[in-house]
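Q: Residue strings, one per chain:
Number of protein chains: 2
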Amino acid sequence: MLQFTAEAADPTGARVGRVTVRGRTFETPAFMPVATQGAVKALTQEEVRQLGGQIVLANAYHLYLRPGTSLIKEVGGLGRFMNWSGATLTDSGGYQVFSLAPLIEVGADGVTFRSHIDGSEHFLTPEAAIEIQHDLGADIIMAFDQPVGYPADRAKAQEATARSDAWAKRCVDAHMQAGGPPHSRRASLRSQADQALFGIVQGGFDLDLRRESAGRLTSLPFDGYAIGGLSVGEPKEQTFELLAATAPLLPEDKPRYLMGVGKPWEIVRAVASGVDMFDCVLPTRVGRNGTAYTSRRKVNLKNAQYERDLQPLDPECRCQVCERYTRAYLRHLYKAGEMLAARCLSYHNLHLYLRLMEEIRQAIRERRYAEFVERHAKEVDENG
Amino acid sequence: MLQFTAEAADPTGARVGRVTVRGRTFETPAFMPVATQGAVKALTQEEVRQLGGQIVLANAYHLYLRPGTSLIKEVGGLGRFMNWSGATLTDSGGYQVFSLAPLIEVGADGVTFRSHIDGSEHFLTPEAAIEIQHDLGADIIMAFDQPVGYPADRAKAQEATARSDAWAKRCVDAHMQAGGPPHSRRASLRSQADQALFGIVQGGFDLDLRRESAGRLTSLPFDGYAIGGLSVGEPKEQTFELLAATAPLLPEDKPRYLMGVGKPWEIVRAVASGVDMFDCVLPTRVGRNGTAYTSRRKVNLKNAQYERDLQPLDPECRCQVCERYTRAYLRHLYKAGEMLAARCLSYHNLHLYLRLMEEIRQAIRERRYAEFVERHAKEVDENG
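Chains as they are written, first to last, in the working numbering: chain A, 1 to 384; chain B, 1 to 384.
Each hint should be verified, as a subset may be incorrect.
[Unchecked claim] Derived DEER-like restraints, expressed as beta-carbon distance ranges: (1) B:Asp109 with A:Arg296: 49 to 55 Å; (2) B:Gly233 with A:Gln305: 44 to 50 Å; (3) B:Gly337 with A:Glu121: 21 to 27 Å.
Honestly, the hints are just simulated from the structure, not real lab data.
For each residue, glycine too, the CB sits at the ideal point set by N, CA and C.
Assemble the whole structure, with the sequences as input and the hints as a guide.
A: Next up, the structure:
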């Protein structure tokens, strides 16, 4: 299954290591570029690899609706479909069903929703979410959960969390059962039996609920643990308080994954709580919207100040975009609606994220992570 | 200025050679990828170069309106602005003013039009068009003309052609005159005095008018001659009849450029009339719309037949896209609105165009061009 080796830890709690799953290895703390529909937006798989990406995340919800799981299964799984030789992870669809799709009904058994693409009706259970992810064949798959939004009253948070935790158990059962769950209409041989399964701790913004959820989840034999439902609109201090209290409840010998986080400085800070894996759409989304993260403050090319600026996006950056193009040229491309702007900014931003992860790992190895966090803390103001 | 060396000719009239202008060389027959706004759509300059592009075309009309000539002049010209080290050519804006922009008034002196971007009013004369192109600094610049649309009555075609020919003379005068034309408000030192200037033969679809225009144009000291106003909706047989009759009227010792043409088989056929240069938006535009040219018939990924097709776009192609991705994957990307679809299809199509030009040059060198045309003639039906 999955092997996690922690190679070094820092007094802060930050740790560096590596995950190996089905012969594919990625270093942690890892940033997973988001390939929602089977492609990191605006970039090729080759570029993602060259930039240092070792694992990408795709969304089971999107791929299930389009192109459908049967094609991807037939091809031999997500990695082969995309022609991506690194590791892969699929999100279960829980988050997307509750955030993107018009909901019809949520019950103990599962969720009935409409496709955001064509309005067709679908019923998703924990068992079906696992089977879909078996068909998609990513190296790491996620339990099907019901996230708690922000703000949420305690009763609703408790109900959703209890349901997520119950579904987590059903996901484990479905995953352990070769041949797929017996009641599924889509039952098929488990060719992907060595996929790793992660549970997702929920609990909203209540520390007691988080503790309960972590307790229930860690009693199940997951290969790793995600912390879900954070960074969904709550104040940042609350995010980091809950994270700092929740992460230590998760087993030390398994990878910890903070879902959907975040900005560069948020990743830096979360690593100090012992988080090993991250994913976020920001580098590509922000890039498509004309903004570059840099070693200093953000560069928003929509601002007129860059009209005649002949510097690279980030004078300290050595990526191909910064070596080739000026801010003035990229601003022109952005204003003119040229796809090349999105390509260049996504490339540069992902370069920055993946270099940052290297720096993070190095700082932990050298046991100077507290200082590293301190140095990056100023980004909260500048790059917030 | 510009040097054109014809290295070999074929009995058909096709010729192979090279153009050197300002130290930059491109082989002919040449296909110029179109970088309308200073970028070949969806591709990087590095990719265009790797694919074998030696010269790109940009539109003075677009760059004059956005980002404006002063920025590009300040940077040192179009090539440096784009970071493109190959040769560059700018179209004068005549075609765009008459096809894209809402016209206000056309007079003997010039054209008043509105920007298609912000509706602002502009007055463009032959002298201004040359000055704009001096500022943009491309290696080859084009005379400012008034194209004849299709269909056109003879009187209108005659008027537009006479005007274009008169403007051609004024373009030559403006170009020869260091310091820019005296009546220009934007007069500036000519730092780009070694730019080559091409005239454009018009005449609509009347062979007598074409002859008159060619006669007047060739009496002027242009560095090369373009044939304009063809392939604008007329029957293809008419295009090739007019081309075959017009091309021989142009000097043998200067490059001939057929503007805006065309599909692969059209280029193959036009080369036999002695054309040396081509430009066309098709490889990237068709690519963005989900269609790939191949060595056989076109592949339109919108068609359901490609849904589970695990072949590359073109099984005979060795481009990076065909070596990496299946039709099924690319169709999924296209349907899902992923930018990567446009990137991959544009890349593949441009690869096909630039390989075709290599094959054309090789066939001419080997004096087997008639046979080459014959072999490609079947594409008229299949790839038309």
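Q: If a hint holds in the structure, say so; if it doesn't, say that too.
A: The hints, checked one at a time:
1. B:Asp109 with A:Arg296: 49 to 55 Å: Holds: the Cβ-Cβ distance is about 51 Å, inside 49 to 55 Å.
2. B:Gly233 with A:Gln305: 44 to 50 Å: holds (45 Å)
3. B:Gly337 with A:Glu121: 21 to 27 Å: Holds: the Cβ-Cβ distance is about 23 Å, inside 21 to 27 Å.
Of the numbered hints given earlier, the model fails none.
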